[in-house]
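Those letters in the sequence shown? Residues 1 to 549, by our numbering.
Hints in this document: simulated from the structure, not taken from any laboratory.
One should not assume that every hint holds.
What the hints assert, rightly or not - If you anchor each label on the Cβ, the simulated ranges turn out as follows: (1) V508 - R222: 43 to 49 Å; (2) T465 - L269: 31 to 37 Å; (3) V308 - G90: 39 to 45 Å; (4) K324 - I47: 54 to 60 Å; (5) K501 - K209: 56 to 62 Å; (6) K324 - K189: 22 to 28 Å; (7) Y316 - T465: 52 to 58 Å.
The beta-carbon is built from N, C-alpha and C at its ideal position, and this holds for glycine as well.
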Amino acid sequence: QNRGKPPNRYSPDIGKTSKYPIANHVSTEKLSEPLKAFVHQLSAIHIPTKVSEALKDPKWVQAIKEEMKALEKNQTWTLETIPRGKKTIGCRWVFTIKHNADGSIERYKARLVAKDYEETFAPVAKLNTVRVLLSLAANLDWPLHQFDVKNAFLHGELTEEVYMDIPPGYNTTQTGTVCRLRKALYGLKQSPRAWFGRFTMAMKNNGFKQCNSDHTLFLKHRKGKVTALIIYVDDMIITGNDKQEISQLQDYLATEFEMKDLGGLKYFLGIEVARSQQGIFLSQRKYVLDLLTDTGMLDCKPADTPIVQNHHLGEYPDQVLTNKERYQRLVGRLIYLSHTRPDIAYAVSVVSQFMHSPSEDHMNAVLRILRYLKSAPGKGLMFSKHGHLNIDGYSDADWAGNVTDRKSTSGYFTFVGGNLVTWRSKKQNVVALSSAEAEFRGMTKGICELLWLRKLLTELGYKPTSTMNLFCDNKAAIAIAQNPVQHDRTKHVEVDRHFIKQKLEAKVFQFPFVKSEDQLADILTKAISSKAFHNSLDQLGIGDIYAPT
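Could you build all of it, start to finish, from the sequences and the hints given here?
Written out as structure tokens, the structure reads:
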């Protein structure tokens, strides 16, 4: 049995002899020629994880040299003998590839990062906000431009005394010396704050306002039009309906920072973006294939659902423990993947509850998710044009489903303009005394998310005019929300009830009843049959443009 151990050597030909070749599950035949070229470029390259690997390839050696040149030009450090009592921090190389708009390789990039310093702040965009912008772009035909800032963090001066080891691959004639950092470096806790402060000032000087719903989103309203920029460390997306302002913003940023225009949005934080007349498609196809390759699961037998029904996963006295580090690493990678794969959200939520002491059963559940991913590596989210910008949600909860502590799991899906933008599957903090109470607590979380979306759209200049719907399949929970009379059975959820009552009276939202079989959020709270599961995915706009025909 394959326990997910990586093969000794990965060969692209391995699938030809496999009983379950990956080619049966992922294909590029439906893509346009430019997109096909981009995807093939993306798939063809191996990115090294160790400096020893990189030093064997002239392209990566050159990338290291270029980064060292930039660091020296910037006078990032001076070579000094370390004073007594001082310690050095480590450093390591991180490798990545930057692509041109047509998918060809723009450059091989090596970045030196300081390690051992906890990063306490980083200008990281909420991916929920990014998905809202994509839904607006799909509905309103907005362009999507992508840029990055070269050596963004090196703009900040360091006031503290910080010493760092000599970087791997750096040749120096001065023996016994270390690097005293004079400028901020990636990985230092001071760096992101210094860079983001500098960037924020530049945006405000250009007439942009920082959005209250997400501080990494900057907005400018002019003549009834809007321009939006969202930043993730040093990667940014610019969109909106003011073409003149977008052009001016690009020119302005180029005078402030060393900018790289990456063209239309295609690849952002490991997420692939494909745009056509049908809409905008988000997936992590390459990420899934890399994950399957790294775990030796590329040729595994695929599964049709991410988790088995009635799984009874819990903590038992006789459980056989498994490798904790490997388990945590795999679950961490799956959590990141769930940013574009809501279909695995419930399964990942379950396996992430056992990080502290995982058993073989828990590891088998993780491997089951990988087997499910093998069935459709290219699955992702489609953002289509629906002709409206309404906000709706679906909220659901199971009751006492956790076998260890009898807590319930609640989940919600929210839609903007008919497109799925946010979701959550989470175990509740307290034990619910009834299914109605579990559903009611779940509704509260869904309402908070709808209110955040309403606030975000209002700041963007598209305040919802219609009442928001939160679809629920529990009549008792709806009755508790709508009935202002307090009962003994509801007084312990009184705060939630007052919060909901206030919003209902303001006609901000309503709770239409939906039959259980039409409750889309069902897949976030329990393992359901394969047929019901795949029906829900179709209605959620989760599809696969890479599925072979």
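Verification of the supplied hints:
1. For V508 and R222, the Cβ-Cβ distance of about 29 Å falls outside the hinted range of 43 to 49 Å, so the restraint is violated.
2. Checking the proposed 31 to 37 Å range against T465 and L269 shows it holds: the Cβ atoms sit about 33 Å from each other.
3. For the pair V308 and G90, the supplied restraint of 39 to 45 Å holds, since their beta-carbon distance comes to about 43 Å.
4. Hint check: K324 to I47, Cβ distance near 27 Å, so the stated range 54 to 60 Å is violated.
5. Checked against the hint of 56 to 62 Å, the C-beta distance between K501 and K209 comes to roughly 33 Å, which is inconsistent with it.
6. The given range of 22 to 28 Å is respected by K324 and K189, whose C-beta atoms sit roughly 27 Å from each other.
7. Restraint check, Y316 to T465: a C-beta distance of roughly 53 Å satisfies the suggested window 52 to 58 Å.
The structure does not agree with the numbered hints 1, 4, 5 stated previously, though it agrees with the rest.
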